[in-house]
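*Asks:* Protein chains in written order, with this note's numbering: chain H, 1 to 189; chain R, 1001 to 1073.
Hints are computed from structural coordinates only; laboratory data are not their basis. Owing to the predicted nature of the structure, the values given are computational and were not obtained by experimental measurement. Built from N, CA and C at the ideal position, the CB exists for glycine as well. All clues given are correct.
Computed footprint of chain H on chain R; a stretch qualifies when at least three of its residues, placed anywhere within it, have a C-beta under 8 Å from a C-beta of chain H: (1) 1031-1039; (2) 1056-1062.
Capping the alpha-carbon separation at 20 Å, the derived lysine to aspartate or glutamate pairs in EDC-like fashion look like this: (3) R:LYS1049 to H:GLU5; (4) H:LYS77 to H:ASP94; (5) H:LYS52 to H:GLU177; (6) R:LYS1026 to R:GLU1066; (7) H:LYS6 to H:ASP59; (8) R:LYS1008 to H:GLU136; (9) R:LYS1054 to H:ASP153; (10) R:LYS1026 to H:GLU136; (11) R:LYS1054 to H:GLU136; (12) H:LYS7 to R:GLU1050; (13) H:LYS80 to H:GLU93; (14) H:LYS13 to R:GLU1050; (15) R:LYS1054 to H:GLU63.
Here are the chains, one letter per residue:
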Amino acid sequence: MWVYEKKLQYPVKITSCNPRLAKYLIEQYGGADGELAAALRYLNQRYTIPDKVIGLLTDIGTEEFAHLEMIATMIYKLTKDATPEQLKAAGIEDHYVNHDSALFYHNAAGVPFTASYIAAKGDPIADLYEDIAAEEKARATYQWIINMSDDPDLNDSLRFLREREIIHSQRFREAVEILKEERDRKIFF
Amino acid sequence: MNRNTPVKSYTPYHSPLDPCPPIGKKFYSTPPNLYMGFQPYDLPQFPPKEALRKGTLWPAFYDYYENPYERRG
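All chains, full assembly: derive it from the sequences and hints.
*Replies:* Structure (C-alpha cells):
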C-alpha cells in the first residue's frame, strides 16, 4: 500500500517553450531504461530477493514513481500550449496524430513500452547487477538529455534526477555486498 | 573529500577516410559511487535543506554534471 503526497519530489520549472525537449524526455518516460521500467522492475523483483534487501527495492521502486511523475510534468508543460505546427517543427507530429498532447508510454523513437524491459531472473546477484546497470544507463540518459537541452531550469531538475541515480546505484552495490556476506572475513595466506 | 575525478576522456582513432571532422575528445562520467564500496560511517553531511536540493545528504556522493562538449563551441 502506498501513501500519496500531492507534490513533486523536486520542483519542475521550465523557462523556454521548446517542445523538442519533450521528444528527448519521453525516453525516460516509456523507454527501456526509463523511470516506469525501473519502478516496475524493482517492485516486481522484491518478492523474490533475500529479506535483507527487500526494503531497499521497495524504497527505490517507489522513488522511481516519483521521478516518473516529474518527467510527466516536464513533458506535459513543454507540450501543453504547443500548436500542431510547433509540434511538427519539433519532430513530434507522429505523436500528435496518435495522441494529441496526451502522454503515452513510448520511447524517443515512438516504440511503445513493453514488459520485456523489466528483467527478473530470480537470482539475487543477477537481478541486482541488472539494477545497477539500469541505474547507470538512466544516469547516462540524463547526461545525454542535459547535453541536448539549453534550459537551465529544466537542467536543474534533470541534475537532481541524475544525482538520485548515482545514489541508487550505490545502494544496489551495497546490497550486493550484503548478499555476498563474508565481506569482513580475514584473508589468510 | 573526493579524490577521484568525476569525468574521464579518450581520443578515438580518426581515419583519413572518416567522413566527419574528428570529434576530438570523448568524455564519460565516473561518479563517486564507483569508488566508494560500502559507504563508511560518519561521512560529513550537507545541511538538510541543501541536501534536498542536491539529491544527496553526503558531499562525498555529490557530482554536479556539466555538458563536457559545451566548451567546444
